[in-house]
Every structure is written in structure tokens, then in C-alpha cells.
Amino acid sequence: MQGCLQNHLASPMAGRNVEYTTPSDNLFGNKDPNGNWTGILGLTQNMEVDLTGTAMTLDKERWEDFTVSVPLRSYDREIVYIRPVPEADLIGFIRPYTPLVWCLVLVTLLLVWVTLWVTQHHQADLTKHRP
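In our numbering, the protein residues as written are 1 to 131.
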């Protein structure tokens with residue numbers, strides 16, 4: 001065990017045999033219709049463990065069936081964000097490319113236009129001078 005629980009229990013448990021147990025279902029615990037608990041709470045209810053050192057939510061059923069202590073340490077941190085909403089983006093087609101790529105596209109278009117213009121005028125001159 002590591003952390004604040006180990007430090008908190010170090011002096012009262014000094015000289016005692018301590019065994020760490022994990023429930024076979026790896027759950028905190030749920031109450032069955034017959035009133036038995038599963039998981040860590042089931043181990044506590046069946047007296048297979050003396051105490052549990054885990055943070056879990058406390059609902060009415062757990063509060064009624066178990067004795068709980070005040071948390072040794074609690075972190076009040078939450079992450080909240082606004083769910084993204086699709087919205088119209090009129091210039092969204094520009095974003096995938098860098099300004100350099102757009103400059104190269106414009107230069108290429110200009111070169112193609114100049115090439116077509118020169119070719120067309122050269123062809124027009126050739127047809128004028130044909131006998």
C-alpha cells in the first residue's frame with residue numbers, strides 16, 4: 001500500500017500482521033436483492049477484511065449498511081467543457097493547407113494561364129500566316 005492511508009495507519013498498525021486483499025470481481029460493491037454485497041463492500045460485510053482504504057461514492061444503501069469515516073484527503077477538481085457543435089465555416093476549405101501551399105497553388109495557376117494564353121496566341125498567329 002502506498003500514499004496517505006499507509007502513512008495514517010502506520011503507527012496504529014505497528015507490530016500487527018497486515019494482509020492486503022483484493023476482491024475477485026475487482027468491484028467496489030453492489031447490493032444484491034437478497035441484501036448481500038459484492039466487491040470490497042462484500043469482503044467487509046462478510047468480515048473477510050477489517051477495513052477498506054478506498055474512495056467511493058456513498059449512496060443511501062451504503063450509508064445504512066456500513067460505518068464510514070471522513071475522507072483523509074479529497075480533491076475537488078473537475079474538468080468541464082462545452083460540447084462541440086457543428087457550425088458553418090465559410091472559409092473552412094482554406095484551413096487544411098499552409099500559406100506556402102496556397103502561394104504555390106496560385107503560382108501554378110498563373111503559370112498554367114500564361115502557358116495557355118501564349119499557346120493560344122501563338123496558334124492564332126500560325127493560322128493567320130498560313131497560305
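Hints were generated in silico from the structure; no laboratory data involved.
We put the CB at the ideal spot given by N, CA and C, even for glycine.
One should not assume that every hint holds.
[As the list claims (entries may be wrong)] Only pairs whose alpha carbons sit at most 25 Å apart, straight line, appear in this in silico SDA-like list of lysine to any residue:
#1 K60 x T38
#2 K60 x F93
#3 K31 x N17
#4 K31 x K60
[Stated by the list, open to error] Beta-carbon label-pair distances, calculated as ranges:
#5 N26 x E61: 42 to 48 Å
#6 A88 x Q120: 48 to 54 Å
#7 P86 x T108: 19 to 25 Å
#8 P86 x Q120: 43 to 49 Å
#9 E19 x P96: 42 to 48 Å
#10 T57 x V105: 34 to 40 Å
#11 R83 x K60: 53 to 59 Å
#12 I91 x Q123: 15 to 21 Å
#13 I91 x D25: 27 to 33 Å
#14 V85 x D65: 39 to 45 Å
#15 T127 x V85: 43 to 49 Å
#16 L51 x D25: 46 to 52 Å
The hints, checked one at a time:
{"no.": "1", "hint": "K60 x T38", "verdict": "holds, 16 Å"}
{"no.": "2", "hint": "K60 x F93", "verdict": "violated, 54 Å"}
{"no.": "3", "hint": "K31 x N17", "verdict": "violated, 30 Å"}
{"no.": "4", "hint": "K31 x K60", "verdict": "holds, 11 Å"}
{"no.": "5", "hint": "N26 x E61: 42 to 48 Å", "verdict": "violated, 20 Å"}
{"no.": "6", "hint": "A88 x Q120: 48 to 54 Å", "verdict": "violated, 40 Å"}
{"no.": "7", "hint": "P86 x T108: 19 to 25 Å", "verdict": "violated, 33 Å"}
{"no.": "8", "hint": "P86 x Q120: 43 to 49 Å", "verdict": "holds, 45 Å"}
{"no.": "9", "hint": "E19 x P96: 42 to 48 Å", "verdict": "violated, 59 Å"}
{"no.": "10", "hint": "T57 x V105: 34 to 40 Å", "verdict": "violated, 56 Å"}
{"no.": "11", "hint": "R83 x K60: 53 to 59 Å", "verdict": "violated, 31 Å"}
{"no.": "12", "hint": "I91 x Q123: 15 to 21 Å", "verdict": "violated, 38 Å"}
{"no.": "13", "hint": "I91 x D25: 27 to 33 Å", "verdict": "violated, 54 Å"}
{"no.": "14", "hint": "V85 x D65: 39 to 45 Å", "verdict": "holds, 44 Å"}
{"no.": "15", "hint": "T127 x V85: 43 to 49 Å", "verdict": "violated, 60 Å"}
{"no.": "16", "hint": "L51 x D25: 46 to 52 Å", "verdict": "violated, 19 Å"}
In this structure, the hints that do not hold are numbers 2, 3, 5, 6, 7, 9, 10, 11, 12, 13, 15, 16, in rising order.
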